[in-house]
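Visitor: Chains as they are written, first to last, in our numbering: chain Z, 22 to 479; chain G, 22 to 479.
Hints may contain errors.
Claimed, not checked - In silico DSS-like cross-links for lysine-lysine, where the CA-CA straight-line distance does not exceed 30 Å:
#, chain 1, residue 1, chain 2, residue 2
1, Z, Lys270, G, Lys267
2, Z, Lys102, G, Lys365
3, G, Lys267, Z, Lys365
4, G, Lys267, Z, Lys324
5, Z, Lys80, Z, Lys55
Said to hold, decoys possible - In silico negatives: residues of chain G with every beta carbon more than 12 Å from chain Z:
#, residue
6, Pro89
7, Pro105
8, Asp106
9, Arg109
10, Arg269
11, Ser282
12, Ile285
13, Ala289
14, Lys324
15, Ser357
Please keep in mind that the hints were generated in silico from the structure rather than gathered at the bench.
Virtual Cβ for every residue (Gly too), placed ideally from N, Cα, C.
Protein chains: 2
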Amino acid sequence: MPSTNSLNSIFEPSSVAVVGASTNPEKTGHIILKNIVDGGFEGPVYPINPGASEILGLKAYKSLLDVPGDVDLVVIVVPAKAVPDVMRQAGKKRAGGAIIISGGFREIGNDALEREVIDIAKSFGIRVIGPNCQGVNYTASNLCASWPLITAKGRMSVISQSGTVAAALGEWAEAEGIGISACVSLGNKADVSEVDLIEYFSKDPNTGVISLYLEGTGDGRRFMEVCRNAVQRKPVVVLRPGRSSKGRKAAESHTKSIAGSYVIFQGACRQVGVTSARTVEDLYDFSKILMYAKTPRLVTDRKEPYKVAILTSSGGSGIIAVDCAEEIGIEIPGLSEEAAGRLKEVLPPHCITRNPLDLTGDTSAERYETAVRELSSSNQADAYLLIFGDPIPRASEVVSRLKKDLESRGSDAEIVVCYIGGGTLGQEEVLRMQQQGIPAFRTPERAMRAIGALAGKF
Amino acid sequence: MPSTNSLNSIFEPSSVAVVGASTNPEKTGHIILKNIVDGGFEGPVYPINPGASEILGLKAYKSLLDVPGDVDLVVIVVPAKAVPDVMRQAGKKRAGGAIIISGGFREIGNDALEREVIDIAKSFGIRVIGPNCQGVNYTASNLCASWPLITAKGRMSVISQSGTVAAALGEWAEAEGIGISACVSLGNKADVSEVDLIEYFSKDPNTGVISLYLEGTGDGRRFMEVCRNAVQRKPVVVLRPGRSSKGRKAAESHTKSIAGSYVIFQGACRQVGVTSARTVEDLYDFSKILMYAKTPRLVTDRKEPYKVAILTSSGGSGIIAVDCAEEIGIEIPGLSEEAAGRLKEVLPPHCITRNPLDLTGDTSAERYETAVRELSSSNQADAYLLIFGDPIPRASEVVSRLKKDLESRGSDAEIVVCYIGGGTLGQEEVLRMQQQGIPAFRTPERAMRAIGALAGKF
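Next up, chain Z with everything else stripped away, as it sits in the complex:
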């Protein structure tokens, strides 16, 4: 097997050709070319189309062989039966990588055609993503050989057997201001598998968290080995459907592979330190919080409970968070009499000095600051959950100051935000906080579940 270094031609190619580039804006062969161009890829881009002289302002070539000079990455969008010839041409052009979008291979029973394509690729040393996939987006190279077009740079790398799940995560990350490092749609995994990609991204300086949607793994033992190493460098989160018997059958039908037991898979994940998501929202939320965390998953070995102090402007939201915490085994410790007394001295009398600490609806952002500083001087909370339930001006500034303050005092405590409601200001503040590395969630339950991921509960 070639070293994973050779994936460089896929993620950091010096040039890209799109074979099957189309002039019709509704065709995938047009959309991908457009996304590569609009995404700002800086190397040469070659549309290949025997019937066009120019597409999207770029000179088009009749075949790969007509391109002057080398082609590093070949993106293939032609019908399946034409793919072997394209791969041979790619070999002659000394390509290092191919992304085969085209379907019509193993997923509909054409195993021989798929084998032929991979044999050609191997003979030329070309690494292949797909076939039957939604492509690759790697923002550090401004390379969106996929759809939708996502350009917001971040540190989340998504590897997915569902193009849609990958696209959804990318869209959410872009909308929320956290961006992505990569989105890779695996397709049939005829050559490059999730294991190769986990290994690659674990060493990739642009990746801060690896987020997986997987319906099954080919080599479970190697998957676990690679994950065990990867989590030493950065968190790995996985959503694996097929928990139910019918879900498992549907997964096997989708990927034409053996899904294996969900329970065994989940147990193995826990053992090697991989975080298990239960829903698509979990996958996104857990990735987000672990990416920003100071101590991702380091708490799994410890015996003491994970303790959270909740500060809220909304009494109801605090209660909802407490319910959720108890259900997942997070402790919301009561305040000592002494701590409550000191808080009473610095807060207005109508605040309820318990945990959750109810700063009430008239709170300023600064009241959170006063309270966290007071609490953190004695309290041993592992995380502070700050719930904002109204448009509270300057919340992002205060939260950012608090984060730096805790860090400067050598505290490992995490700051997590729930901004529920708050209208347009709330949305803008969530964006600002996340751009400063503070994870922010839109409901108390999602915030607390994410804290559960921090605490190693999933």
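Using the hints, position chain G against chain Z.
Guide: Quick look at chain G alone, frame taken from chain Z:
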């Protein structure tokens, strides 16, 4: 007890005074006045402020007694100790309703002051919302005596012991194009309780669903009686925190009332046909689907399983939906050989003719139409879940046609949409679908849980 008809002065007042209206844009007394004006309330609006001659272009009065003519609704934002006098003035002006935003009553131990206020109100026949609340929004009257300003008219009426939860639901409903009929923040419930409001909204032609966030109910027996009647007319959904022992203590501390047992409450809800939400997202999602449903909660009595046919462009999303369905007891029945055969005749060969029916990533909106028409000609599905996993043009048109088609054939089957990903087009399509009465969700799990609410599983 006065008849609930007298709540008309609160929801459909002929005139409104804001006592404590402020010229300072950061003060609640300014924000509420501004929201009443910007919301488009058509009757006279009187700012009351002894130190101002004009606020927001409206003539201000020194006291309620200076207002020429009657005042129907009085919104009160002055300090607690001044409220009894304001109420006496409101009585002299023959007001029918008062919304007391001001805090400083029972919630901080000032029980006597609260009793005094209510005694005055009763002596004049004034119904009171609050005190210590976030006000009332009733869109049919263009009356937003609350915050944030939400003007999108819809059929969801929210009754909440948390102003923040109410505001969040309102904001989501506005952003998603479904709007609200009402948002009422209960506060201390010194006079008007959730029970009065459930009764009122159950008879309100503008309300299609009643959505409750409740930390405790004063009179459990009457609550259940009123709910039993209300659900004959429209669905009722409740989120009640305090499931855990610490959550229950926090709830009692927040509302200064006995929360009671969650298990007993939930059992009673199930018995009278009230739907129980577990999270804030549930509360919103369940309200949305039940509001649009043809047969809300009518299925609780039946013995047969609730059956869903899933059609998807995204194989992965279909599998995720199946897992979620099995966990909540929804059946995803396999296709008969005959049905599969007929589908194969009308669909391209690469579609996977099972349930979930995988129309694959290259699907058009029209392929969903073909498939649902074929399936519904024989299949006995209670609901069709249509999952769109890419920007698919014309999806909202097709879904709307399908809905009408099913209705014209006398079918009770529901159409539910999950639009995951799809970028800007996806968001616009979700808006369009919901404006046509088709509930649309952004993840497969949320769509399937909502179907669970339809099926009486919660």
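Visitor: Now tell me if each hint is right for this structure.
Guide: Tested hints:
1. The straight-line distance between the Cα atoms of Lys270/Z and Lys267/G is roughly 41 Å, outside the 30 Å bound, and the hint therefore fails.
2. In summary, the hint linking Lys102/Z to Lys365/G is supported, as the alpha carbons are separated by about 23 Å, within the 30 Å threshold.
3. Straight-line distance between C-alpha atoms of Lys267/G and Lys365/Z comes to about 22 Å, which keeps the hinted pair within the 30 Å bound.
4. Taking the CA atoms of Lys267/G and Lys324/Z, the gap is near 22 Å; set against the 30 Å cutoff, the hint holds.
5. For the proposed pair Lys80/Z and Lys55/Z, the alpha carbon gap of about 14 Å is at most 30 Å, so the pair holds.
6. The non-interface label for Pro89/G is consistent with chain Z: the shortest C-beta to C-beta separation is roughly 33 Å, beyond 12 Å.
7. The non-interface label for Pro105/G is consistent with chain Z: the shortest C-beta to C-beta separation is roughly 20 Å, beyond 12 Å.
8. Interface exclusion of Asp106/G from chain Z stands, the closest Cβ pair being 22 Å apart, more than 12 Å.
9. Every CB of chain Z is more than 12 Å from the CB of Arg109/G (nearest about 26 Å), matching its label as outside the interface.
10. Not every beta carbon of chain Z lies more than 12 Å from that of Arg269/G, the smallest distance being close to 9 Å; the non-interface claim is violated.
11. In this structure Ser282/G is separated from chain Z by more than 12 Å, as the shortest Cβ-Cβ distance comes to about 14 Å.
12. Distance check on Ile285/G: its Cβ is at least 16 Å (rounded) from any Cβ of chain Z, clearing the 12 Å threshold; non-interface status holds.
13. At roughly 19 Å from the closest C-beta of chain Z, the C-beta of Ala289/G stays outside 12 Å, upholding its exclusion from the interface.
14. With a minimum CB-CB distance of about 21 Å to chain Z, Lys324/G clears the 12 Å threshold, and the non-interface call stands.
15. Separation of Ser357/G from chain Z is adequate, the least Cβ-Cβ distance of about 16 Å exceeding the 12 Å criterion.
Violated hints for the displayed structure, listed by number in ascending order: 1, 10.
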